[in-house]
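Chemist: Listed below, chain by chain, are the residues.
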Amino acid sequence: MRNAIVALLVLVLLTLPLRAAVGCDLNDPDRDVKRLFPESTGYKTLYVSVARQGGEALLKRIEARLGDPFKGLYETIDVPYTMYQIFKGKDLIGFIHGVNQKGRFGGIQVFLALDPQGVIRGFYFQKMTGQYAKVLRGEDFGKQFVGLSLPDFDKYDVAAGKAEPGSKVAAIKNPVPEAEEDFRSALRAAKKNLILCDIFLLDFKHMGK
Amino acid sequence: MSRPENNIRGAEVSGQDGIALEAKNLRKVYHRGSEDIVAVDDISLTVRNGEFVSFIGPSGSGKTTLINILGCLDNPTSGTLTIGKREVFANCKGLSESDLTRIRRQVFGYIFQKFYLVPTLTVYENVVLPFAFFEKTGAVADPMEPLRFLGLDKRTGHRPSELSGGEMQRVAIARALVNKPEILLADEPTGNLDTKRSEEIGQILTSLNQKEGLTILLVTHNPALARIAQRTIELRDGRIVSS
Amino acid sequence: MAKKISVYQVAYKNLLRKKTRSALTVLGIALSAWVLISLLGFNRGYKSALDKDIDNMGFQILVTAKGCPYEAATLMLKGGTGLRYMKESILGDILKHKEVIEVTPQLMAAIFDPNKGETGGISAYLGVDPVTFPAMKTYLKFKQGAWFTKPDSLEAVVGYEAAELEQREVGDKMLIPEKNVEITVVGVLQRSGTADDGTIFLPLRTVQKIFDKGGLITAAGIKVDKNANSADLENKLYDLPDVQVVSMAQVKTTIMSLVSTAKVMVFSIALIAILIAMLGVINTILMSVLERYQEIGIIKSMGAMPWDVFRMIWTETVILCLLGGAIGIGFSFAMAKITDLLIRKLLPYTPTGSLIAINSSLGLVTLGVVLGIGLVSGIYPAWRAARVRPLESIRSEGE
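Chains as they are written, first to last, in this note's numbering: chain Z, 1 to 209; chain G, 1001 to 1243; chain L, 2001 to 2399.
Take the hints with a grain of salt, since some may be wrong.
[Claimed, not checked] DSS-like cross-link-like pairs, simulated, lysine-lysine; straight-line CA separation at most 27 angstroms:
1) L:K2179 to G:K1114
2) G:K1114 to L:K2004
3) Z:K205 to Z:K44
4) Z:K134 to L:K2179
5) G:K1154 to L:K2013
6) L:K2018 to Z:K143
7) L:K2173 to L:K2137
8) L:K2116 to Z:K173
9) G:K1114 to L:K2019
10) L:K2052 to L:K2116
[Stated by the list, open to error] What the simulated footprint calls covered on chain L by chain G, stretch by stretch (three residues with Cβ under 8 angstroms from a Cβ of chain G suffice, anywhere in the stretch; the number is not a length):
11) 2279–2288
12) 2304–2310
Hints are computed from structural coordinates only; laboratory data are not their basis.
All values reported here derive from a predicted model rather than from experimental measurement.
From the three backbone atoms N, C-alpha and C, an ideal C-beta is built for every residue, glycine too.
Model the full assembly from the supplied sequences, consistent with the hints where possible.
Modeler: This is the structure we're talking about:
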């Protein structure tokens, strides 16, 4: 019996459970929707992808708007995006969507809660790795994004990591200078998130058909 | 599959001196608790080859019991039965079901009041069904022959549910004929048919007897049908009252 | 020669009389066949997946520090510490044995990461010797990069799935939480289908330094000469102080015996399923015989011997079982992946390979078993049918 435990321990330790990440879903939709939209009574989940919606042509438009090419495992053309439509009774009161983004020390997941016009009403990191993660995951950082929308992020150069002076994005401050890379990742993730929401939830409201 | 047999244990079937079957002192007694019911009481009769004999009598007269014994469907309590040259029942020795089957399939064809067609088989398949189990030497080479004779050649692909009562009985007759029986045993064949169809069946039996020389034993409670036979034997209380 | 009909055709058509009843009976048999072949496939698949996992460890014997495994497990799950350690000098003692070709030290370190998941989780790192470890695990291939450049560098080689999860490529950084040590990814492995896919490898010295475990290891993997007597070596190794010798053969046996208890239970359930299917077959055919009592009597009057009738009814049973068996087996092939997932949810430990190893020979065995059951089930109804006397069956004609 003792040997059995040791054997199992050895094998289990060498195989610590890994959840293969596919897409970016809320960890607990019932709980998280209620937290982000306390007034909500229900939600609907949609699964979309660039491949099905517009293919290569759409991908090119997204990259152009983002100002950065899609790369890596979570930015392929067929990545399934999970979109949440939030309701109060029969009224649509907003959306939630999360994206994966590469961070300095590991993957980052950025979730935005939007109102029906696509304006941010909530921002949070569902996943982040790093010694400064705690600060960036704090409420104060996320509050800086509230009220912004996609046109605001057009003033942010993702590749260079620079915002147009005086713009709303420029007003977003990095509380931890040492975590500059993750800060820039957060902004890229937010912009990407808004672009995807604009396409799949707002019917190209800002992107234009 | 079918196993052609020439004879039953070496004995020939065809009767000596034109006698198809001969019964002597047949008795059949049923024991019901403490009561003994004599269904067939000391009956003797002879049927010649090619003869058409009808058995008539009220319900309980013993006609079906008698014909069951004559047709080797049942053992008598006592008495003898000779079919052709072969002694079937003698000295109170009953035969096993297998032995009875061997005799039956060489000698007899049967038709009954209920047609007993297999509902999932077509008319043709019902007719050739006996060949799945036994094919007698000299059996019909072309199963369409009896079907044509009986006017069913256009209905071979139909299922029994698509046939009238008269047609179903004709299929049963065709089935009984494919192995070229020596004796056709018909037990109330028109019991489920109307007058017109009953007459048709009567005509068919007459034709089989007169044209094919088939020996026929017919049980009926219908006097009109009984009259088509060459000889009518009347039974009452297990005994022959007139012949 | 005009077309005739065979007993087998008659039997087959008899089954079409009550299509729903026949279909439900076939379904019952199919379900039993599915359960049986899945079990047999699991029996074979689990073992071979386990064999593969263990063989892929690269070494035949693992030596770990002696200690209470229950305590270690609890501490591990709670706080990432509590593993027992051995002195590195033990490697020299192990190498003295002539049966040993090579030995590779390992130091497992685990630490609580508050940023992992919702409420934090354990991050584990495996310190390995850059010379001996790759030599033992030759099947490990690189998708990007290579092994560490120095024996004490702040470098990591990441398993395929671990890299995917954290989106790491060569050149990226990783952070060891709490210690706040940055390490650089120098290699990402190709998918190996083993536990290594989820492992983050660091140089042994690096892990010893970061976690302050200088001169200590948690395990030593031993490659044994193929021609040597492994059991003998194990006995000798037990003489080493404060160590536990875990033979991979023992691991296999232990896990298989743990699993076999579950298997006995599941086989019992399968047996019950098969018995129920058998009863279903008996019931269906018997009902069919009783419904066709008079017809069977007439068939007897046509010249069918008892054996002919027995054969006809028995054939109906065989057809039902063959059909049900084939459907169940086909279903198991199609559903193998889903069955695999189901079992993974149920068992506490499952090896990484495919758990359900179904192939055509297993299919044939299952079909044979189902057919055998069918033949047995069909005996009674066929015997009842064969005993029918024409007179009794048509006696309802009355006089």
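Chemist: Please go over all the hints and tell whether each is borne out by the structure.
Modeler: Against the structure, the hints come out as follows:
1. L:K2179 to G:K1114: Not satisfied, since the Cα-Cα distance of roughly 95 angstroms exceeds 27 angstroms.
2. G:K1114 to L:K2004: Holds: G:K1114 and L:K2004 sit about 24 angstroms apart, inside 27 angstroms.
3. Z:K205 to Z:K44: With a Cα-Cα distance of about 21 angstroms, the restraint between Z:K205 and Z:K44 holds, given a limit of 27 angstroms.
4. Z:K134 to L:K2179: OK: Z:K134 and L:K2179 at ~15 angstroms, within 27 angstroms.
5. G:K1154 to L:K2013: With Cα atoms ~22 angstroms apart, G:K1154 and L:K2013 stay inside 27 angstroms; holds.
6. L:K2018 to Z:K143: violated, 71 angstroms
7. L:K2173 to L:K2137: Status holds; Cα separation ~25 angstroms.
8. L:K2116 to Z:K173: Measuring from Cα to Cα gives roughly 25 angstroms; hence the hint holds.
9. G:K1114 to L:K2019: Given that 27 angstroms is the threshold and the Cα spacing comes to 24 angstroms, the pair holds.
10. L:K2052 to L:K2116: With a Cα-Cα distance of about 31 angstroms, the restraint between L:K2052 and L:K2116 is violated, given a limit of 27 angstroms.
11. 2279–2288: With 0 residues in contact (Cβ-Cβ under 8 angstroms with chain G), the coverage given for the segment 2279–2288 of chain L is violated.
12. 2304–2310: Contact hint for the segment 2304–2310 of chain L vs chain G: holds, 4 residues under 8 angstroms.
In the structure shown, a violation is registered for the earlier hints numbered 1, 6, 10, 11, in ascending order.
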